[in-house]
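Participant: As given, the protein sequences belong to chains B and L, one line each in that order. Using this note's numbering, count along the first sequence one by one with no gaps and you end on 261. Using this note's numbering, count along the second sequence one by one with no gaps and you end on 66.
Simulated from the structure, these hints should not be mistaken for laboratory data. Each residue gets a CB set at the ideal place from its N, CA and C atoms; glycine is no exception. Be aware that one or more of the hints could be misleading.
Reference listing, derived: stretches of chain B covered by chain L, where coverage requires no fewer than 3 residues with Cβ under 8 Å from a Cβ of chain L [as the list claims (entries may be wrong)]:
no.	segment
1	20–27
2	108–117
3	200–208
So these bits of chain L aren't anywhere near chain B, every CB distance computed over 12 Å [as the list claims (entries may be wrong)]:
no.	residue
4	Met-1
5	Asp-14
6	Ala-15
7	Thr-17
8	Arg-38
9	Ile-50
10	Gly-54
11	Glu-58
12	Thr-61
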Amino acid sequence: MGMTPDDGPLVLAGREYRSRLIVGTGKYPDFQTMHTALVESGAEIVTVALRRVDLSSRGPGSFFASLPAGMTILPNTAGCYTADDAIRTCRLAAELGLGPMVKLEVIGDTKTLFPDVAGLLEAAKVLVKEGFIVLPYTNDDPVTARRLEDAGCAAVMPLAAPIGSGLGIRNPHNIALILEQANIPVLVDAGVGTASDAAVVMELGCDGVLMNTAIAGAKEPVVMARAMRLAVEAGRLAFLAGRIPRKAYANASSPIRDLIE
Amino acid sequence: MQIWVNGIEKSLPDALTIRQLLNLLELPPGPVAVEVNRDVVPRVRHDQHILVEGDRIEVVTLVGGG
């Protein structure tokens, strides 16, 4: 009684991580703020994107040097609208010495950035066969989540809300359904706006949460990074502790007998 | 020969290797990966792989992303 719940690590393809928070590296005001925020978040996995080298620039390529040492770098396929482009991007990431773990995105719509789940499944199958550890960004659809698991993905990453929207979990019921059936880690990816959103994700029983804009776009990214670390830990502990049932009416906390008259 | 590098058409000497192209481009420091006509060419083959007229080359690196 009264003991700290024994929380095991987040396990992805056999590798253990103590932090259940995965953070992106885009949109920070500067590399120094990014570095400090990444450290403050406690994250052990950070996402990166692949893009053409700017041939007209002679600027110092300090992004790579600004990533804190020892972090697992998770390349994404953001901006890919076809399975083929996503597969090419993963192969390029491997050539850059990254992987085999990749965050697979196949985007289907420019306005919402919702996934093209047909393209996503197609790419996942090819990449799993090629030996990649595939973490797919998907919508909050339990059927797609099951198909991604069947395709050999190492986790499934349903969105809470559109990328960068900060709307929080739009459909917690679907996330709960995905959790109920999944035999692989469920990481909510995209849509978190503030610390309470991250706590709700973890209270549902998700294995982790991935976010970028909520930290990078905050007025004080370093402070928000700390808030997110604490929220993920708090939400996880609340899940392990087991919340009380919701009741319609009050239930007094103080004894209702022996009142003075 | 005319080749395309990151979507930009360039006139370059014939029989250039990938390694020679990368040297000519004076890239900023940092890791890069190279595709020729949509296939990755591993770093160990950059010295041997000779580019030809019309090749489409992608030179990519890491940037911040979510």
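Participant: The structure should be examined with respect to each hint, and the outcome stated for every one.
Facilitator: Here is what the structure says about each hint:
no.	hint	result
1	20–27	holds (count 4)
2	108–117	violated (count 0)
3	200–208	violated (count 0)
4	Met-1	holds (18 Å)
5	Asp-14	holds (21 Å)
6	Ala-15	holds (21 Å)
7	Thr-17	holds (17 Å)
8	Arg-38	violated (6 Å)
9	Ile-50	holds (19 Å)
10	Gly-54	holds (19 Å)
11	Glu-58	violated (6 Å)
12	Thr-61	violated (5 Å)
Figure legend: structure checked against the earlier numbered hints; hints not met, in rising order: 2, 3, 8, 11 and 12.
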